[in-house]
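**Student:** Take a look at the letters that make up each chain.
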Amino acid sequence: MKCRRFTERPSEREILYSDKVKQLIQELPNRGKLEAATHTSRVENPVCGDITQLYFRVENDSVVESRFQTYGCPAAIAASAAVTLLCRDHSVKECLELTTDTLLKYLGGLPAHKLHGAELAIDALRSALRPS
Amino acid sequence: MKCRRFTERPSEREILYSDKVKQLIQELPNRGKLEAATHTSRVENPVCGDITQLYFRVENDSVVESRFQTYGCPAAIAASAAVTLLCRDHSVKECLELTTDTLLKYLGGLPAHKLHGAELAIDALRSALRPS
Amino acid sequence: MQVYLDNNATTPLDPEVVEEMLKHFRDDFGNASSIHSYGQRARAAVEEARQKVAALIGAQPREIVFTSGGTEADNTALRGIATWHRKKGNHIITNTIEHPAVLRTCQQLEKEGFQVTYVPVDNQGIVRLEDLRKAIKPQTILISVMHVNNEVGTIQPVDEIARIARENKILFHTDAVQSVGKIKVDVKALRVDLLTLSGHKIHGPKGVGALYVRQGTRMNPLLYGGSHERNRRAGTENVPGIVGLGKACELAAGCLDDFQGRVRFLRDKLETEILRRIPDIVLNGNPNFRAPHVSNITFRYIEGEGLLVSLDFKGIAVSTGAACSSGSVEPSHVLTAMGRNSELASGAIRFSLSRMNIEKEVDYLLETLPGIIDRMREMSPLYRAAK
Amino acid sequence: MQVYLDNNATTPLDPEVVEEMLKHFRDDFGNASSIHSYGQRARAAVEEARQKVAALIGAQPREIVFTSGGTEADNTALRGIATWHRKKGNHIITNTIEHPAVLRTCQQLEKEGFQVTYVPVDNQGIVRLEDLRKAIKPQTILISVMHVNNEVGTIQPVDEIARIARENKILFHTDAVQSVGKIKVDVKALRVDLLTLSGHKIHGPKGVGALYVRQGTRMNPLLYGGSHERNRRAGTENVPGIVGLGKACELAAGCLDDFQGRVRFLRDKLETEILRRIPDIVLNGNPNFRAPHVSNITFRYIEGEGLLVSLDFKGIAVSTGAACSSGSVEPSHVLTAMGRNSELASGAIRFSLSRMNIEKEVDYLLETLPGIIDRMREMSPLYRAAK
Ligand SMILES: Cc1ncc(COP(=O)(O)O)c(C=O)c1O
Ligand SMILES: Cc1ncc(COP(=O)(O)O)c(C=O)c1O
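Residue numbers (the numbering used here), protein chains in the order written: chain A, 1 to 132; chain B, 1001 to 1132; chain C, 2001 to 2387; chain D, 3001 to 3387.
All clues stand as given, with none of them false.
Over the 10 angstroms line for every Cβ pair with chain D, so calculated as not near, a few chain B residues: (1) Ala1036; (2) Pro1046; (3) Val1064; (4) Glu1065; (5) Leu1085; (6) Ser1091; (7) Lys1093; (8) Thr1099; (9) Asp1101; (10) Tyr1106; (11) Gly1108; (12) Asp1123; (13) Pro1131.
Computed list of lysine to aspartate or glutamate pairs in EDC-like fashion (alpha-carbon distance at most 16 angstroms, straight line): (14) Lys2314(C) - Asp2363(C); (15) Lys3314(D) - Asp1019(B); (16) Lys1093(B) - Asp1061(B); (17) Lys1033(B) - Glu3378(D); (18) Lys1093(B) - Glu1059(B); (19) Lys2314(C) - Asp19(A); (20) Lys105(A) - Glu119(A); (21) Lys3087(D) - Glu2112(C); (22) Lys2269(C) - Glu2359(C); (23) Lys2023(C) - Glu2048(C); (24) Lys3184(D) - Asp3257(D); (25) Lys3269(D) - Asp3363(D); (26) Lys2169(C) - Asp2159(C); (27) Lys3314(D) - Glu1027(B); (28) Lys2184(C) - Asp2257(C); (29) Lys2314(C) - Glu27(A); (30) Lys3360(D) - Glu3271(D); (31) Lys1033(B) - Asp3374(D); (32) Lys2188(C) - Glu2160(C); (33) Lys3023(D) - Glu2019(C); (34) Lys3314(D) - Glu3361(D); (35) Lys33(A) - Glu2378(C); (36) Lys2360(C) - Glu2273(C); (37) Lys2184(C) - Asp2258(C); (38) Lys105(A) - Asp19(A); (39) Lys3184(D) - Asp3258(D); (40) Lys33(A) - Glu65(A).
If you're looking for bench data, these hints aren't it; they were derived computationally from the structure. Backbone N, C-alpha and C define an ideal beta-carbon position, used for all residues, glycine too.
Could you put together the complete structure from these sequences and hints?
**Tutor:** Here's what the structure looks like:
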């Protein structure tokens, strides 16, 4: 048998959570309440019941401390944690420019049916830092 | 894991053809026409189309030569061959006493849906040797 | 350390099962319907496996129909009985905590003109016999109630339900995918008419299962084609799979004591210690009528999937709901049917053991879990609010 | 010497296929629906296999639905399309030489109120396009015609039939179990809507197959339960089986030239030499439109099964009719449909080769066969009568 081998590699695999997401879930950086917060928000996804609460301490227009509390699926948790990491030491304006796409890139992607986790975190971010 | 092992051996297996049947099919002993036959018969199974033709040369009330020709499934072939073997050197009376059961025992059994092969051979035997 | 505690989703294969299958992957690859020796060796292996499966559940070999798994067996039982007996009646009774293979088949049969009553369960997941009795109508042709529930491990009173069915001349099917090989299952003692089992839940291969069909039971097949399986299920026999299922059943027959002893001990240790070490916990299921290898626990104020991913990071595999419904955001239909609200349902984790688990795996879980739960609760907006 | 010439019944597994499956029997045993790493490794393997199957037939991965074999794929295609499109019409067209998985499903659908036209074939086993065209009615919803016939190897003009179907807005299914991996099959070139393939006919495992469903095709599933296979087919994925099918397809993709070259040469040698050495022979099938690995020959005046058993004794495995109908006494429905009388049909032997056969095997057959035929004809009452 001298048959050729088929060599094309599969491109589209349905991987659930990226390594980045798993690591965030594992470490839960910046988790918990921030008593000294200057800006907070609590956003709930009415469909799946996920809740995210973000806490920011802003000094001189810069986020100097950030925390989160999330009840929900790994996507929502990782996205919220990521937002607290991405905002630290950035100006409020810069934070408000953070998009779902940038967040998703940072997270190494999310499964299609879990994208709402990233949207929840961005919503919470905007609702906390938006000038009222 | 210190689990007991289940040890009962299977008893009922659906084996198709016995080694005896396979051997007879392989060797086809006593096959072909017998020109010097004193008794012959040709019996056909109208359902499946199997045909068996038996030839006996009877001398002093004893079968001294026997042959068969069969068109049909292995069961019919083996049964017909077996009948020619079993009759050789027996009296006509003894030959007429040969039953399907004895034949089946000699053959090492036949699958249920192939029993008609043995019946065909016994029919042919009786129709050849029966006093007319 | 790798600790697999998701044995209700699927089990690791027993190496002896793999060994027996390999013979049919490598040498005896014949089609069991072929007349030549290759075929006859395959046929003998299939019939030997049939005997082993039958022996495990107290059936006759001829009452065993091999299928492609539990799902196909469930579909065959329900649709096969329903369509055959349609002239007698069009009503089916089942319950709210069945596996989707039963529930969704029933829903489809409803679309095709059958009526289905979904009897509720109590808050420990046991079917209420009174409700079941009341649901019976003159046109009821089939009752289907699972033996052991896959999510919470509850054991249903299948023998009593079978009696009720019998008294009313109704056929009875039980999905025993999660009980066969774990607790004693005897079709003659239970007196069921049809019973589903699956290979990959008992250290056998995926893609093979069996339907027990009591002799004399008349039904339609689901798959039409060649005259395999006494015309009950067409399709070239999956010889290695069937051989693997047979071997798995043979091994399981010798391991029932192990489940009642060692596996139950491990499950109980896991459960008691979690209860002792972690506050704000709810046990799901009936502690008395429960298979020995399952524990379903709600960790309040957190959502199960995050916990699952955290445990996975530590090498521990568990499940949040029925494996087959993962990916969907709905809370488990079983816990919901047991009256758990969505917070309690989504905080549920299923630990399911097998005869391959050992004590130090449970110890590792018990060391690992409390810290993770603490960290996750610290992060939960519900937890702070509740304190 | 062992010579396996019954590859249309089933094929020996490629050792590389076994190797890939073993990984999932031994280590990566997870349930592909589980969220933890065990599950995700299984999921990745399933999706990789899906790509390989899709690549072999020119489909998109999402158009591949894994099933438990060719029979299930055929049943799913016919019943799934028929029941879903019932409101549009209740008429199905197929032909007289289909595999029982198609024919018996059609017969069952007839009992359920569908109308089926079984178009005849010519005496070389080719569907007559004129008859097919004439059979079309306004209420025709599905045409099903196999690609390569399993008994005689005839290749049907599937692309033309697909065109006729398309022009009449009728869905078209082809059972390609015996063509995939043997001759070029490209769903986009053939423009079929549904296509069946099976693992064990291409050196892959038994108990796994696939149905290609063109994107956008609407149909019912056959198996209901979990949301597997994009809700097209419920049941825990047979991960090792699917991986084995994927590998078999990958290997097959590289072996099509081998079939056109070496395998065809061996088949032609076998056939020509038998014709040269043995008198009173009839070739069955169409010599021009025929897959390269099949030869179906009637040896007049003898009955095939005895010949089969004799060859088996010498280590040579062949077949008399479709493997699945063995045990029944009826002459092959395919040969009957081709106008062969019962004597010609029952003397037919199918030789089917694979890429694993070698020339000295064919030589051994050619040495062995004439003596056996002589002996059997000597024994035949028909032979003497004919001479
Ligand atoms: C109770 C129950 N029934 C049926 C099934 C389906 O069996 P299978 O995975 O073999 O399709 C499962 C497992 O998924 C189950 O747990
Ligand atoms: C043409 C054809 N269709 C369908 C099938 C059935 O496939 P499976 O054996 O995988 O059920 C076969 C083989 O038996 C076949 O040859």
